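J.: Chains as they are written, first to last, in our numbering: chain A, 1485 to 1629; chain B, 1485 to 1629.
Among the hints, a few may not be true.
The list makes no distinction among identical chains, and a pair is therefore deemed to hold if it is satisfied within one copy or across any two copies.
To be verified - Okay, derived cross-link-like pairs now, DSS-like style, lysine-lysine, Cα gap no bigger than 30 angstroms in a straight line:
| no. | residue 1 | residue 2 |
| --- | --- | --- |
| 1 | K1495 | K1584 |
| 2 | K1567 | K1609 |
| 3 | K1567 | K1555 |
| 4 | K1609 | K1555 |
| 5 | K1584 | K1555 |
| 6 | K1495 | K1609 |
| 7 | K1551 | K1584 |
| 8 | K1584 | K1609 |
For the record, the hints were derived by calculation from the structure and aren't laboratory data.
Computed from a predicted model, the values in this text were never measured in an experiment.
There are 2 protein chains.
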Amino acid sequence: MPENPALAGVKDLIARMADTLPIAFISSLDAEGYPCTKAMLSPRVREGIRVFYFTTNTFSLRVAHYKANPKASIYFCDADGFKGMMLRGTMEVLTDAASKEMIWREGDEEYYPGGVTDPNYCVLKFTATDGRFYSDYYPRSFVIE
Amino acid sequence: MPENPALAGVKDLIARMADTLPIAFISSLDAEGYPCTKAMLSPRVREGIRVFYFTTNTFSLRVAHYKANPKASIYFCDADGFKGMMLRGTMEVLTDAASKEMIWREGDEEYYPGGVTDPNYCVLKFTATDGRFYSDYYPRSFVIE
């Protein structure tokens, strides 16, 4: 997939898009092998541009997809700037207390009345292997070290 | 997939989202079986809420994906209204003159200098079988007749 491993600025742009855009799009495979996409609140925590953590509902369709098949992508879209950034990798479903506490925020009780131990609250951990950047009608692929 | 086949208003909403949102997200499967997503200009022509036509580049990665595996979804996102609409189905790549002429618009020469017969200009035809509507944290599935 790599075409140009030395993409100046792409890493900074990924970080900026992840930190400033309000939503991200996550993709999964359903039971019949169709690609599915859904808007999510942007990742709450990230480790560089390789690992991204999202909150989600334990009993959601997306969680069922990733448990059955971890292949995933996440996509950031700056529609005004005609920029798109897709990262490809795998998604893990985390339900351990440490992971849930790490990304819990005040106010989440509105969605998860049981608090950080609410059984319907869990964490999606995305780990990127490579990506593709769309801008100016000239897509470019890159590898995440 | 159907949970509630009689979803009042969903058909109107799909039509409205397709007609007013500037972009749509299309998903495909890559050669390694990963789900991929990309923002596209919204469909130019549609037949009800079942068939949607997009323009794209013949030599794009997306076209290669759909030629190898037509499983697809399209997603409309009204981020301000916290609404998401995913349609699941198949994507065909059309390169015949009639299809290309049907959705060609004045000004497309900017992207396709060869005009409507430009070999890099082609049509993606998406046909939906069912879908899923996300709103108010309560997702609902429906079937497209």
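J.: Next, verify each hint and record whether it holds.
T.: Quick rundown of the hints versus the structure:
no. : hint            : result
1   : K1495 <-> K1584 : within (27 angstroms within a copy, 38 angstroms between copies)
2   : K1567 <-> K1609 : both (24 angstroms within a copy, 24 angstroms between copies)
3   : K1567 <-> K1555 : both (23 angstroms within a copy, 25 angstroms between copies)
4   : K1609 <-> K1555 : both (12 angstroms within a copy, 26 angstroms between copies)
5   : K1584 <-> K1555 : within (22 angstroms within a copy, 34 angstroms between copies)
6   : K1495 <-> K1609 : within (19 angstroms within a copy, 34 angstroms between copies)
7   : K1551 <-> K1584 : within (17 angstroms within a copy, 41 angstroms between copies)
8   : K1584 <-> K1609 : within (11 angstroms within a copy, 42 angstroms between copies)
Checked against the numbered hints given earlier, this structure breaks none of them.
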